[in-house]
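15 is the number of the first residue of the sequence shown in this note's numbering; add one for each residue after it.
Where hints are given, some of them may not hold.
What the hints assert, rightly or not - In silico DSBU-like links for lysine-lysine, alpha-carbon gap of 35 Å or less:
1) K120 to K75
2) K585 to K521
3) K445 to K546
4) K650 to K571
5) K120 to K700
6) K337 to K354
7) K316 to K650
8) K250 to K120
9) K103 to K75
10) K61 to K37
11) K546 to K239
12) K61 to K225
13) K189 to K127
14) K416 to K337
15) K616 to K492
16) K675 to K546
17) K616 to K316
18) K616 to K239
19) K521 to K546
20) K616 to K585
21) K445 to K354
22) K445 to K492
23) K225 to K120
24) K546 to K571
25) K423 to K344
As the list claims (entries may be wrong) - Between beta-carbon pairs, the in silico distance windows are:
26) E673 to K337: 26 to 34 Å
27) N507 to A177: 52 to 60 Å
28) E390 to A177: 43 to 51 Å
29) K120 to R503: 46 to 54 Å
30) P628 to R503: 35 to 43 Å
31) N507 to Q530: 21 to 29 Å
32) D489 to L615: 19 to 27 Å
33) Q573 to K337: 21 to 29 Å
34) Q649 to E673: 36 to 44 Å
35) A355 to P468: 40 to 48 Å
36) N391 to Q649: 12 to 20 Å
37) K641 to G495: 55 to 63 Å
Because the hints were derived from the structure by calculation, they are not lab data. A virtual CB, placed ideally from N, CA and C, is assigned to each residue, including glycine.
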Amino acid sequence: MINEQLLHPESIVVIGGSNNIHKPGGAIVRNIIQGGYQGTLRIVNPKEDEVQGIKVFHDVKELPPTDLAVMVVAAKYCPDYVEYLAAEKSVRAFIIISAGFGEETKAGAVLEKRILDSCEKYGAALIGPNCIGLMNAWHHSVFTKPIPTLNPQGADFISGSGATAVFILESAVTKGLPFNSVWSIGNGKQIGIEDVLQYMDDNFDPERDSKVKLLYIENVGNPDKLLFHASSLIRKGCRIAAIKAGSSESGSRAASSHTGAIASSDSAVEALFRKAGIVRCFSREELTTVGCIFTLPPIKGKNFAIVTHAGGPGVMLTDALSKGGMNIPKLEGPAAEELKAQLFPGSSVANPIDILATGTGEQLGIAIDFCENRFENIDAIFVIFGTPGLVQLYEAYDVLHKKILECKKPIFPILPSIYTAGPEVSEFLQKGHVNFSDEVTLATALTQIMQTPPPAAPEIELFGVDVPRIRSIIDGIKTNGYVSPDLVRQLFNCAGIPMVPEMVSAKKEDLIEFAQKVGYPVVAKVVGPVHKSDVGGVALNIRTPEHLALEFDRMMKIQDATAIMVQKMIKGTEVFIGAKYEQRFGHVVLCGLGGIFVEVLKDVKSGLAPLSYPEAYSMIRSLRGYKIIKGTRGQKGINEQRYAEIIVRLSTLLRFATEIKEMDINPLLADDKDVIAVDARILIEK
């Protein structure tokens, strides 16, 4: 629970405050004082009479009633302090800096439980334990540095790790990113990241509150809560970016299907972020860069101009933006020639606009004016200007400052000389701007933003999906394990997912008769072994009854073979759809290019069922191999609309069949007309 005593306490007591500013107890007192706290600050320390100019209480029993207590004492003392302060001194908010609780030992977890019980009993808010504290415009109850510039329209930053929060703040401060609040939740025993988002959502004021939220998440404790409130905030006009730590595959369990081998808890996080509209980041630099982009006016298109006085960074930025699917259109015609005439000889205006190392602040302003007013096919402007050693940077940065205020198109300042031109860059940042010192990091962050879809609509796409029939089939299955091909086909029929004509039988004559009926060539596959290709259980391009008979006899000798499946052989691009049930998240749906190498290439994207059509298109278009899906080198692309439709229909099926724990459709064969499932398996656990 988050209350007024935590956010705007009229009085604060630091239990363990000291004069030693090199220890948490002294540093937190210093930061509260230097932060301009307007309430009453009290200190409890049995060994000091005065701490940093404040008269000290030697015992908590001497305290008057107080709103917020900040605990900087050994863990073993904290439970008794919390119980006494809540019961006798009306303390209704606690920030526990101390470590040594559930993050370390079972005995520490017992101490933590006692603290939580006391807070719950008295209706008190609890941040921590094991955190760096909480900082907002009213009080700076943190023991660390740096203390960033606080601004009502700055970012709200919520971190599950105190040390990481410090490093992220370090990264942000050098870029000029302002903050509105910083929350270090530590062990998050009572208040977690989801709870802070809920409070911000429930109390959101569009006129007053920050619209930028940055998150560092170590564990998603309540996915539904995170999804609901993040989506709600974004729909209200906020922008959210997050790092989720722990994305390696070492934590994913072994599984028998392609989907099980690819999917992991990280896939669930990616899917959750996609559905919520959260921009996913993978480093401190990327997170703070995205935060800086969020402070600029939204970009309305993908056509960018680059104004630079150094050729190399302009080329690297062009490459990085192009790789991310953005355009650096060539600038030509009368306007381009007019601009070139106002620059020094040798300058280039093709885009990047290179004004040379000798270019002046005035010429920088002219180039920006042309991008703003004369080149209509430009949506945003990137300005690279460091230390050429030939011009006054103060003058150039003053021009840049004025243009940022005047122009309607967003301007991204890339000022790389943060060491040799530190004072000039610092003065520029003090005017309220941000700086992207590395052009490739900026392009990577911008790509992540542009590829993140808006929050998905909460409605489920039910059209064409027979939910009652799906439930009837699932309820009729009495045993766990992979279901028969016939039941797979029945479920897919209910969802409107087409399958290639096929027959499963242990009788050779029936299969030969079926092949004659659908027409050769056909494909034969063994039924029983999980990975058919690994045991020689797939035969393609069978064109005669004699060939089919030979393959039948061979495959029935394979270990665990129970029958043979014969399918009409069709051609097309191999694509893949899979799903895996993740505890707490629900079904994670994956799509990508298919075939036997899907586990090796791992070019898959994930979404959280049920999926909307925009989510499905976002998944498909985020694939590295999307150009193959679109069509390349004279080859026709696949029917992308049909592929997206099958992904959505499958996700709806899963929404009403939680007993399905894994599903593989690999491959689906796709051409420009249709997408048809060829091979599919469904694992049921009841």
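How the hints compare with the structure:
1. K120 to K75: At roughly 30 Å apart (the allowed maximum being 35 Å), K75 and K120 satisfy the hint.
2. K585 to K521: 27 Å, holds
3. K445 to K546: At roughly 65 Å apart (the allowed maximum being 35 Å), K546 and K445 break the hint.
4. K650 to K571: 40 Å, violated
5. K120 to K700: Distance ~34 Å between K120 and K700 Cα, so the pair holds.
6. K337 to K354: 28 Å, holds
7. K316 to K650: Answer holds: K316 to K650 is near 26 Å, not above 35 Å.
8. K250 to K120: 42 Å, violated
9. K103 to K75: Holds - the C-alpha atoms of K75 and K103 are around 8 Å apart, at most 35 Å.
10. K61 to K37: Between K61 and K37 the Cα gap is close to 15 Å, so the pair holds against 35 Å.
11. K546 to K239: Judged against 35 Å, a Cα distance of about 41 Å means the pair is violated.
12. K61 to K225: Since the Cα atoms of K61 and K225 sit roughly 45 Å apart, the hinted pair is violated (cutoff 35 Å).
13. K189 to K127: 40 Å, violated
14. K416 to K337: The hint holds at about 31 Å.
15. K616 to K492: 34 Å, holds
16. K675 to K546: With a Cα-Cα distance of about 20 Å, the restraint between K675 and K546 holds, given a limit of 35 Å.
17. K616 to K316: Given that 35 Å is the threshold and the Cα spacing comes to 28 Å, the pair holds.
18. K616 to K239: 29 Å, holds
19. K521 to K546: Measuring from Cα to Cα gives roughly 19 Å; hence the hint holds.
20. K616 to K585: 23 Å, holds
21. K445 to K354: Holds. K445 to K354 sits at ~31 Å (cutoff 35 Å).
22. K445 to K492: Answer violated: K445 to K492 is near 69 Å, above 35 Å.
23. K225 to K120: 40 Å, violated
24. K546 to K571: At roughly 13 Å apart (the allowed maximum being 35 Å), K571 and K546 satisfy the hint.
25. K423 to K344: Distance ~18 Å between K423 and K344 Cα, so the pair holds.
26. E673 to K337: 26 to 34 Å: 42 Å, violated
27. N507 to A177: 52 to 60 Å: Given about 54 Å between the Cβ atoms, the range holds.
28. E390 to A177: 43 to 51 Å: The hinted range 43 to 51 Å holds for E390 and A177, with Cβ atoms some 48 Å apart.
29. K120 to R503: 46 to 54 Å: With a Cβ separation near 52 Å, K120 and R503 satisfy 46 to 54 Å, so the hint holds.
30. P628 to R503: 35 to 43 Å: 29 Å, violated
31. N507 to Q530: 21 to 29 Å: Holds, at about 24 Å.
32. D489 to L615: 19 to 27 Å: 37 Å, violated
33. Q573 to K337: 21 to 29 Å: 47 Å, violated
34. Q649 to E673: 36 to 44 Å: Check passed, 40 Å falls within 36 to 44 Å.
35. A355 to P468: 40 to 48 Å: The hint (40 to 48 Å, Cβ to Cβ) holds, given that A355 and P468 are roughly 44 Å apart.
36. N391 to Q649: 12 to 20 Å: With a Cβ separation near 30 Å, N391 and Q649 fall outside 12 to 20 Å, so the hint is violated.
37. K641 to G495: 55 to 63 Å: 39 Å, violated
Checked against the numbered hints above, the structure breaks hints 3, 4, 8, 11, 12, 13, 22, 23, 26, 30, 32, 33, 36, 37 and satisfies the rest.
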